[in-house]
Each structure stands twice: as structure tokens, then as C-alpha cells.
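Undergrad: These protein sequence lines map, in sequence, to chains B and V.
According to the numbering used here, the first sequence is numbered sequentially starting from 1.
According to the numbering used here, the second sequence is numbered sequentially starting from 1.
Keep in mind that the hints are not guaranteed to be accurate.
Restricting the straight-line Cα-Cα distance to at most 27 Å, the calculated cross-link-like pairs of lysine-lysine (DSS-like) are [unchecked claim]: (1) B:K69 - B:K52; (2) B:K97 - V:K71; (3) V:K44 - B:K3; (4) V:K44 - B:K52; (5) B:K69 - V:K44; (6) V:K15 - V:K71; (7) B:K3 - V:K62; (8) B:K97 - V:K44; (9) V:K78 - B:K69; (10) B:K97 - V:K15.
Here are the simulated distance ranges between beta carbons [claimed, not checked]: (11) B:T21 - V:K15: 34 to 42 Å; (12) B:N25 - V:L39: 19 to 27 Å; (13) V:P8 - B:P65: 42 to 50 Å.
Hints are computed from structural coordinates only; laboratory data are not their basis.
Predicted, not measured: the structure shown is a model, and the values here were computed from it.
Beta carbons: idealized from backbone N, C-alpha and C, even for Gly.
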Amino acid sequence: LAKTTQPISMDSYEGQEVNITCSHNNIATNDYITWYQQFPSQGPRFIIQGYKTKVTNEVASLFIPADRKSSTLSLPRVSLSDTAVYYCLERAGNNRKLIWGLGTSLAVNP
Amino acid sequence: EAGVAQSPRYKIIEKRQSVAFWCNPISGHATLYWYQQILGQGPKLLIQFQNNGVVDDSQLPKDRFSAERLKGVDSTLKIQPAKLEDSAVYLCASSLEDRNEQYFGPGTRLTVT
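Chain B on its own, in the form it takes in the complex (with noise of 0.2 Å):
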């Protein structure tokens, strides 16, 4: 059974590096893995999405290793407002499933 693996809750303070990593069982070959940031009361939003090695926006870096079983979402500097959960997605198995993972809540504290 394909299942993402993403820590349930992490704390931070401002202005530090928080790292989030997602493990990936079954991922589909030719996939993406996305990374989605949800406040409460709202939907989810795409942050960033990679294939392999290291992609960078302005909000955030993704890093896949090779083997591509796990991913890391890595938000720089962090603030209040970076306060939600995050969620890995990805594709598993054949049949290109949609994967989510539980989901991580980080809280930015001052």
C-alpha cells in the first residue's frame, strides 16, 4: 500500500531554517513530488514541486535525493505568518494515485 510518511509536528522560531521530509514508499517513476502549505479555513496552496536534485523558488527549496524515496521541503528563514501545515504529494504505483501525506504543522514562534 503507497503511503507518504511526513513528520505530524514541528516548532521553529523566527528566522531560522526549518526542513520537512517526506517519505515516498511507491512513488511513480515519472512523477512530480509537490509540497502544499494549508492555513486554516483554507485550501491547500502549491508551494513547489521537483522531479530530482534541488528546485528553488522564491518561497522555498525542494530537495530529492537519487533514489527519489524521500523528499525535503526546506523554508529559509522562517516568520509568523509561515505558521500551517504542509503537505507532500505525490504519484504512486502504476497507476499514478494521488498520495497525500498526513500532513506537518509547524508553528513559528516569536
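Once you have looked at the hints, place chain V on chain B.
TA: Okay, now just chain V, sitting in the frame of chain B:
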């Protein structure tokens, strides 16, 4: 660019009643998704449409849930009859094609009493 629209935003019904949710995706997006998100959990895909055809409905409880996407644009999700465990946020999302970069609406919070 207008985002994904959903209505209603909130709905309270009694068990065994019926309810319907509406979604209007981003213009030009061929793929539409309905998710159920129970408090404290990640989104669970209920059904995925590509234009007006169903791609994946393997987790849709078909004895009580139904969905349609007429003309490949708007979509409705219906629950009949509702159960207490259907209390959740129902999220609609769309994407250009069948890809992971999806755009979500604000969701409909359903409470079944």
C-alpha cells in the same frame, strides 16, 4: 485570474438528509478534483475528472456520494443520505491537465447533526 469558486461555504444538515456542493474551476483547466478533508487529516481524493470523464473515483462511497461534471466545466458533488461521519470540509481543485500543481477553492464545511 479568478480562482476556483465553491458554494456554499458552510452547510449544516441532519443525518439522512441530502446536500449538494457546487464548484466552478479556473477557466481552461481540464482536470477537476473533489476532496474530503476531515479535521486534522490530509485531503482524501474522492473523484477526479478529466474534462467530463471520470479518471479516478476509487475512494468515492458510491452508495451515497455522486458527482458530475457537465460540459467539462462546473461540477456538483452530492451526498444522499448524509451520515454523521460525512462531517468534513469538501474541497474542489482544478489543474490544467492531470498534474500535481492544483489550485484549490476555499472549501465547503459540512456539519451533519
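Undergrad: Does K71 (chain V) lie within 27 Å of K97 (chain B) when you go C-alpha to C-alpha?
TA: holds (25 Å)
Undergrad: Should the hint that T21 (chain B) and K15 (chain V) are 34 to 42 Å apart at their CB atoms be regarded as holding?
TA: Holds, since T21 (chain B) and K15 (chain V) (Cβ atoms, about 40 Å apart) stay within the stated range.
Undergrad: Checking one constraint from the list: CA of K15 (chain V) to CA of K71 (chain V), max 27 Å. Satisfied?
TA: The given pair, whose Cα atoms are some 31 Å apart, is violated under the 27 Å limit.
Undergrad: Check whether the Cα positions of K97 (chain B) and K44 (chain V) lie no farther apart than 27 Å.
TA: holds (11 Å)
Undergrad: Does the Cβ-Cβ separation between P8 (chain V) and P65 (chain B) fall within 42 to 50 Å?
TA: holds (44 Å)
Undergrad: Is K69 (chain B) within 27 Å of K52 (chain B), Cα to Cα?
TA: holds (10 Å)
Undergrad: Checking one constraint from the list: CA of K78 (chain V) to CA of K69 (chain B), max 27 Å. Satisfied?
TA: violated (37 Å)
Undergrad: Is 19 to 27 Å a correct range for the gap between the Cβ atoms of N25 (chain B) and L39 (chain V)?
TA: holds (26 Å)
Undergrad: Assess, step by step, whether the Cα of K97 (chain B) is no farther than 27 Å from the Cα of K15 (chain V), and give holds or violated.
TA: Answer violated: K97 (chain B) to K15 (chain V) is near 31 Å, above 27 Å.
Undergrad: Is the Cα-Cα distance between K44 (chain V) and K52 (chain B) 27 Å or less?
TA: Distance ~26 Å between K44 (chain V) and K52 (chain B) Cα, so the pair holds.
Undergrad: Is the Cα-Cα distance between K69 (chain B) and K44 (chain V) 27 Å or less?
TA: holds (22 Å)
Undergrad: Holds or violated: are the alpha carbons of K44 (chain V) and K3 (chain B) at most 27 Å from each other?
TA: Holds. K44 (chain V) to K3 (chain B) sits at ~12 Å (cutoff 27 Å).
Violated hints for the displayed structure, listed by number in ascending order: 6, 9 and 10.
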